[in-house]
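Participant: So you can see what is in the structure, the chains are spelled out below.
There are 2 protein chains.
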Amino acid sequence: MRDTKYYQDLIETALKNYLPQGEYREKSLIDSMEYSLMCGGKRIRPLLTLMFCELCGEDAKIALPYACALEMIHTYSLIHDDLPCMDDDDYRRGKPSNHKVFGEDIATLSGDALQSLAFEIMLSESAVEAVSADRAVKAAYTLSKYCGALGMVGGQVIDIESEGKSAELEVLQEMDEKKTAALIKAGCEMGCIIGSADEKKIKAAREYAHCIGIAFQIMDDILDVTSTSEELGKPVGSDSDNEKSTYVSLLGIEKCKELVDELTDKAIKSLSVFDNDTQSLSDLALSLANRKN
Amino acid sequence: MRDTKYYQDLIETALKNYLPQGEYREKSLIDSMEYSLMCGGKRIRPLLTLMFCELCGEDAKIALPYACALEMIHTYSLIHDDLPCMDDDDYRRGKPSNHKVFGEDIATLSGDALQSLAFEIMLSESAVEAVSADRAVKAAYTLSKYCGALGMVGGQVIDIESEGKSAELEVLQEMDEKKTAALIKAGCEMGCIIGSADEKKIKAAREYAHCIGIAFQIMDDILDVTSTSEELGKPVGSDSDNEKSTYVSLLGIEKCKELVDELTDKAIKSLSVFDNDTQSLSDLALSLANRKN
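Residue numbers (the working numbering), protein chains in the order written: chain A, 1 to 293; chain B, 1 to 293.
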């Protein structure tokens, strides 16, 4: 497997090309979609799709429409999350959030259009030709399930409804499974589906995704109390300011660090069912567990 | 072809069953989706999918996932259109709009989840098994294209951006083609695709959809000046109050009535390429042209 930079470059170029090209009357909409999509994020989710596809022995490039669709879903969710009627965030990754630049109406619509575009590119003739209609259907179905009412959107609802009250660990786990792990699962599973993996490998990819997803979320909670705002690039202590239950508030920081290590270990072990070299995916799990921001 | 009541009953039952069943933590979200989806609308778009599928010689029932997906897309667009940051409508079909009942956050998310669910049901194993992966991909792709940035959402953007200024006829036509005709086209074309129609028949269905879609919109403008608010079930004269350009303000009422008749006539003529009985579709075009609300 190549280094992550290779895949990230593929993703950046493809994302840009999937946006409508040319002159349209709805220019503000397309600008708004591009503003949030081409924001220089880490692209972890689409990266996983490409890496799992290649791990299964297929060329990562045929998984690009599915990887980019996933990033579009992730991006639309961030645009809508930042809206005043949701988390009301004026900034995202140090830049004004979408609605601060384009207005709430266009921001709402550009989120909507990014979701449609995600499905459009997964089901387009060229995408389907490269992978067969069967695999295209299975991959797009997987994403639709993980991003919907009982997946990512459901997680957001649970988050909104537990604001300002102390949540139980069970609720926190369900929320993070849906809000964070669901799209990571979608990424890993789609990579396997496009790579024609068997059910055993898809299950292993799901386990890997679950573990790094939850570890990622616990790390977020840890960093919110241990990091400085310079390191983190955003205000720290926001969880306790919002009286939000977190893994740290429920379990204590030592237990949380243990959990991150356990989950990371479990993620790496789950990769043993794959025949090819899984070093890059192990490294990715470790780098997420050891991150400083 | 059977009478429209038969198809409408199929649609109502299927829509209800496609919503998540059982007990979930995100109950408010599912209630909100159901509130707007099961609202007793006319179901014209999904009706067209079923009728065109049967016209092509297939059982209408196999087109139900595609018909219902289309209604979900239409419903999500109405929920988002009514939001305060968009048209800011407190009522929809005489009932409080979604965000007035569930809050803006849940309304935004239930629109998002309805769009995901639309794709989920079109790509589910049972839907695909009944029609083949090839047809499922083609139908779902068609819907994604018509509902996205250069389709329905684009039309909404053009509408927003032409508010308060007098638009040219060309802009009005592009807006209505996208905002209104696009989903009607999606409905007719998906019915043909699921019915295994050839390109000539799909093209005819698209022409029919274009004609009834634009005629529908012109009728809306006519009714806004000729109807009483009792007949219409909503305030009349809202277009001129909003200084909105309409077909009536640009062309005059007589020319508009002529156009509706011409378009309806053209819609009916386009059906001549189909071998089976097209009476129900002709009747539908006529009933839309002669409606009082």
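Misleading hints may appear alongside valid ones.
Note: identical chains are not told apart, hence a pair may lie in one copy or across any two.
Below, computed lysine to any residue pairings styled on SDA-like, alpha-carbon distance capped at 25 Å [stated by the list, open to error]:
id, residue 1, residue 2
1, K5, D87
2, K165, E104
3, K203, P20
4, K61, E129
5, K100, S124
6, K61, R25
7, K138, S126
8, K244, M86
In short, the hints are calculated from the structure, not lab data.
Keep in mind the model is a prediction, meaning the values are calculated, not measured.
Participant: If a hint holds in the structure, say so; if it doesn't, say that too.
Facilitator: Evaluated hints:
no.: 1; hint: K5 / D87; verdict: neither (32 Å within a copy, 44 Å between copies)
no.: 2; hint: K165 / E104; verdict: between (28 Å within a copy, 20 Å between copies)
no.: 3; hint: K203 / P20; verdict: between (35 Å within a copy, 24 Å between copies)
no.: 4; hint: K61 / E129; verdict: within (13 Å within a copy, 28 Å between copies)
no.: 5; hint: K100 / S124; verdict: neither (33 Å within a copy, 38 Å between copies)
no.: 6; hint: K61 / R25; verdict: neither (32 Å within a copy, 38 Å between copies)
no.: 7; hint: K138 / S126; verdict: both (16 Å within a copy, 12 Å between copies)
no.: 8; hint: K244 / M86; verdict: within (16 Å within a copy, 31 Å between copies)
Hints 1, 5 and 6 from the earlier list are contradicted by this structure; the remaining hints agree with it.
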